[in-house]
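K.L.:
The primary structure of each chain is shown beneath.
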Amino acid sequence: GESVGLHLPTLSVQEGDNSIINCAYSNSASDYFIWYKQESGKGPQFIIDIRSNMDKRQGQRVTVLLNKTVKHLSLQIAATQPGDSAVYFCAETGGTGANSKLTFGKGITLSVRP
Amino acid sequence: NAGVTQTPKFQVLKTGQSMTLQCAQDMNHNSMYWYRQDPGMGLRLIYYSASEGTTDKGEVPNGYNVSRLNKREFSLRLESAAPSQTSVYFCASRKGGSGANVLTFGAGSRLTVL
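These protein sequence lines map, in sequence, to chains A and B.
Start counting at 1 in the first sequence, then tack on 1, and there's your number in my numbering.
Start counting at 1 in the second sequence, then tack on 1, and there's your number in my numbering.
One or more hints might be untrue.
[Claimed, not checked] With the C-beta cut set under 10 Å, the calculated list includes, among others, these residues of chain B facing chain A:
hint : residue
1    : Met42
2    : Arg73
3    : Leu104
4    : Phe106
These are calculated hints, taken from the structure and not from any lab test.
Keep in mind that this is a model prediction, so the values were computed, not measured.
The beta carbon of each residue, even a glycine, is placed where N, CA and C say it ideally should be.
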């Protein structure tokens with residue numbers, strides 16, 4: 002069946018280091034991918050997205066890489082800060098129509114050590 | 002703008018009781034969604050409304066009903082609550098259409114069924 006999953010449940014990094022969060026997806030028809038950040042007690046917040054016609058997209062301190070050949074998505078956070086501590090979700094969907102729905106991965110916790 | 006507002010934030014129910022979770026968005030978004038979030042399970046779609054006047058089942062609709070009251074409001078009802086419905090519920094909305102696939106989430110409603 003279709004699924005979106007993350008390789009590791011937790012990731013601990015030193016403040017100032019770069020973080021890499023990985024995600025695998027199984028639906029080869031997916032053409033749009035999003036990373037969300039969820040802080041404790043809050044709803045998920047949009048970080049960055051990428052369409053399947055791209056393999057890299059950069060934002061402020063974040064970069065998303067997409068490898069369609071192996072159906073793999075990653076989120077890179079540069080110079081990780083304590084405020085980056087949160088649960089990160091990848092999500093995918095096939096299309097932008099009104100009935101398109103996001104499928105979320107199970108989430109990975111990023112813990113930043115001071 | 003308030004974005005997506007959910008009420009109540011916390012609720013404790015006894016098995017068999019009924020309740021309605023309310024959700025409203027002020028962004029003039031077309032589509033609205035209800036998700037539940039359980040430990041280790043990520044976000045699972047319960048019901049969604051692609052546009053005003055329509056509702057459809059998601060991944061886990063059993064035990065729930067929804068009403069798209071108008072473009073702004075989308076409520077989730079538990080007719081006879083069960084302990085398995087103990088969860089954190091998130092409402093989300095999306096403008097829809099090309100380039101507008103990002104979901105905006107509410108802060109969540111934590112429900113405990115005893």
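K.L.:
Holds or violated: the hint that arginine 73(B) contacts chain A, with Cβ atoms closer than 10 Å.
P.N.:
Hint on arginine 73(B): violated, closest Cβ of chain A at ~17 Å, above 10 Å.
K.L.:
Under the criterion of a CB-CB separation shorter than 10 Å, is methionine 42(B) in contact with chain A as hinted?
P.N.:
With a closest approach of 7 Å, the methionine 42(B) hint holds.
K.L.:
Checking hints one by one. Is leucine 104(B) an interface residue toward chain A, by the C-beta closer than 10 Å rule?
P.N.:
Given a least distance of 6 Å, the restraint on leucine 104(B) holds.
K.L.:
Classify the hint on phenylalanine 106(B) as holds or violated, based on whether any CB of chain A lies nearer than 10 Å to its CB.
P.N.:
Status holds, d = 3 Å.
Checked against the numbered hints given earlier, the structure breaks only hint 2 and satisfies all the rest.
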